[in-house]
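Participant: If you want the building blocks of each chain, they are given just below.
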Amino acid sequence: MSKYILCMLFIVAFYKAYSQDINELKSVLSSVGFEQILVFPMSANEGEIVYRIGVEHRGINNPSEVLTLANSISERLGFEQNKFVLLYKGQPLYESRILDNLISSNNLSDTNTRDLFRKFSLNNYRLNVVIDPDIQARFGSFENPIQSKLSLLIGSDIMLFRGFSLFTGILIPIQNDLDNESNQIKLGPTFIEFFSQILPNHYTQLSLGLFYNNRYGIDLEYRFFPHSKRFSMGFRYAKTGFYYFPERSIFFDSLDDNLMLINFEYLFLKERISASLDFGQFLQKDQGFKFSLFKQYKNIEVGFFSTITKLGNNSGFNFTIPLFPGTFIRSKVFELRTNDSFRWQYSYSNEGVIGGDFNSNRSIKNNLRRFNSNLLNTY
Amino acid sequence: MKFSIKFIAISFVLLMSFTGTYSQINFLGKSGLVRIPKPSFIDKRDNIQFQLSYLPVDYAINNFMNRKSNEFFYSVHLKPLSWLSVNFVLTRPTEIPRIGIGDRHLDFQFFILDQSKYGINLSAIVSPALAASFIDHNSIFISRSIAINKSFNIEPVFGYGLKVNFRKPPIKAKFDDMGYQWIAKSEFGNYYLSGFFGGLQINVKNLLFLSAEYDTQYINLGTSFTILKKIGVQLNYLNFNALTGQVSYKIYLDKSLKRDMKLYE
Numbered sequence: 001m002s003k004y005i006l007c008m009l010f011i012v013a014f015y016k017a018y019s020q021d022i023n024e025l026k027s028v029l030s031s032v033g034f035e036q037i038l039v040f041p042m043s044a045n046e047g048e049i050v051y052r053i054g055v056e057h058r059g060i061n062n063p064s065e066v067l068t069l070a071n072s073i074s075e076r077l078g079f080e081q082n083k084f085v086l087l088y089k090g091q092p093l094y095e096s097r098i099l100d101n102l103i104s105s106n107n108l109s110d111t112n113t114r115d116l117f118r119k120f121s122l123n124n125y126r127l128n129v130v131i132d133p134d135i136q137a138r139f140g141s142f143e144n145p146i147q148s149k150l151s152l153l154i155g156s157d158i159m160l161f162r163g164f165s166l167f168t169g170i171l172i173p174i175q176n177d178l179d180n181e182s183n184q185i186k187l188g189p190t191f192i193e194f195f196s197q198i199l200p201n202h203y204t205q206l207s208l209g210l211f212y213n214n215r216y217g218i219d220l221e222y223r224f225f226p227h228s229k230r231f232s233m234g235f236r237y238a239k240t241g242f243y244y245f246p247e248r249s250i251f252f253d254s255l256d257d258n259l260m261l262i263n264f265e266y267l268f269l270k271e272r273i274s275a276s277l278d279f280g281q282f283l284q285k286d287q288g289f290k291f292s293l294f295k296q297y298k299n300i301e302v303g304f305f306s307t308i309t310k311l312g313n314n315s316g317f318n319f320t321i322p323l324f325p326g327t328f329i330r331s332k333v334f335e336l337r338t339n340d341s342f343r344w345q346y347s348y349s350n351e352g353v354i355g356g357d358f359n360s361n362r363s364i365k366n367n368l369r370r371f372n373s374n375l376l377n378t379y
Numbered sequence: 001m002k003f004s005i006k007f008i009a010i011s012f013v014l015l016m017s018f019t020g021t022y023s024q025i026n027f028l029g030k031s032g033l034v035r036i037p038k039p040s041f042i043d044k045r046d047n048i049q050f051q052l053s054y055l056p057v058d059y060a061i062n063n064f065m066n067r068k069s070n071e072f073f074y075s076v077h078l079k080p081l082s083w084l085s086v087n088f089v090l091t092r093p094t095e096i097p098r099i100g101i102g103d104r105h106l107d108f109q110f111f112i113l114d115q116s117k118y119g120i121n122l123s124a125i126v127s128p129a130l131a132a133s134f135i136d137h138n139s140i141f142i143s144r145s146i147a148i149n150k151s152f153n154i155e156p157v158f159g160y161g162l163k164v165n166f167r168k169p170p171i172k173a174k175f176d177d178m179g180y181q182w183i184a185k186s187e188f189g190n191y192y193l194s195g196f197f198g199g200l201q202i203n204v205k206n207l208l209f210l211s212a213e214y215d216t217q218y219i220n221l222g223t224s225f226t227i228l229k230k231i232g233v234q235l236n237y238l239n240f241n242a243l244t245g246q247v248s249y250k251i252y253l254d255k256s257l258k259r260d261m262k263l264y265e
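If you read the protein sequences in the order shown, they are chains A and B. Heads up: the first sequence begins at 1 in this note's numbering, then just goes up one per residue. Heads up: the second sequence begins at 1 in this note's numbering, then just goes up one per residue.
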């Protein structure tokens, strides 16, 4: 009998120690901004337990850094040889392992995916409030060379269930001599967004609501994105209309603008440059081509583009940068930070909109690009 | 007088103690001497570089509406590939009421040959014919860095800039054909890098640079150094006549900009 009790005690003690370690790992990961930390013991490897850990970090825009940060923390706490599963809006993308500073990745098996789904919980997310300046500018008017519209968007992606979020926020106007939109505090972009991986390497995103760039309607995007290959492709269909806020009201133009674009993209790995071709119908029934090159740096993406459409030619550049200073407040349930991927575009021509686009900072074409697993070892 | 020399000497020593690796850049924000470019690069790390430089009216380049003025050049320089750099320049004459925020200029520099492999550096600049014509230049140039001793390097630069540009004629000019064609740059009042140019740069431990050059119009002198590890300062003496300067700032793109990463690195 005493043998049994001893054995039981041992198991309880072992279990307690084990769960304490896991809890410590979770709390340390959480303190540096990780969310949705899902820990699974995998098969024991030579007496050591190895874990599969699902992680999501919305404040770091480089998945390579997310993985190395998670790995260095777990190694420091004595968890070695773990596999990490990168999550995007709670949806697993692929699993990676770091050995000798080299990140290797493969697809997640169905059972493992289901395990992750089972552990997923909305309580693992913080309320992530993001401060994001909205800068629109037009250069070259005779009377007023720099016409600009500056606002501050304080918004949040509120997760409703796995892959499904509501983005909403308030827009605080600071300065405007660009258009006649009212100078009151108003509703920022507000839309629901559903992201999912329908089959391995096939992703879709459906959004509905009031988008960025004063567009409202529905936006559907599909992308074939094999994370270990260099080629990816996708299409996007959106039916939208124009909206804006005059004094104390909201104005909706009719919902009849179809955007239909097909995209092919190829990654030149050594240079970390993606060559991207969009063709089809842009906003305002403008048909044509847009060719872009995107170069990935550690936290910055720089792009050059050139557009040839029915309405004319245009070219320019865009960049995606993390904004200074980053996180202001972070607790277990709340985080206030500046945008980790602020996107801005400059076009050479300012004569109307050529090759018009909207919500480009939300599109999976732009957001999945960094998740190519070939890129992870090249920074 | 004595005091000012002392002051200059002390501040120079102070400045030198703050310096980091840098390379001299010309007034357009490209690797170069004072006004001429050079085909070599010292800083191999990925970076984006911003520069503000100043030219007084006598040496101004922008001749918008046939008037010149003291002018500022704002430039952004990025080298996305080992063999290509992109430079974007905005010029703002200070005293001319004008349309727009200034004239924009874009050029590409191709790094064709590298000294470590071929014994010389060879590079070419191509300006696509966009709106601003006064600064367009297409040129090809060579250099070779020669080590005198451990701390001194001397680099002669020699090149040729085309006297013509491939573009549309000016709107008011009388041309039979108004399409794209080779037109003398002087038609646009553009005398920048037209013909043979050359110069000599002395590099002291990659910290201090001293340059002398002939830029097809004038003979210029320049010196540059770095303060606070990130800010490049350059002082130039154009045509033994006018003192000008430029300030540049670099952001390195190969290190993490995220605070969470810095905590655990």
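It is worth saying that the hints were derived from the structure and are not from the lab. Careful: at least some of the hints might be erroneous.
[Stated by the list, open to error] Just the calculated beta-carbon pair ranges, DEER-fashion:
hint : chain 1 : residue 1 : chain 2 : residue 2 : range
1    : A       : L206      : B       : Y252      : 35 to 41 Å
2    : B       : I251      : A       : V28       : 28 to 34 Å
3    : A       : L99       : B       : Y252      : 26 to 32 Å
4    : B       : K230      : A       : T190      : 37 to 43 Å
Backbone N, C-alpha and C define an ideal beta-carbon position, used for all residues, glycine too.
Participant: If a hint holds in the structure, say so; if it does not, say that too.
Facilitator: For each hint, the structure was consulted:
1. L206/A with Y252/B: 35 to 41 Å: 39 Å, holds
2. I251/B with V28/A: 28 to 34 Å: 30 Å, holds
3. L99/A with Y252/B: 26 to 32 Å: Cβ of L99/A to Cβ of Y252/B: about 28 Å, so the range 26 to 32 Å holds.
4. K230/B with T190/A: 37 to 43 Å: 41 Å Cβ-Cβ, so the 37 to 43 Å window holds.
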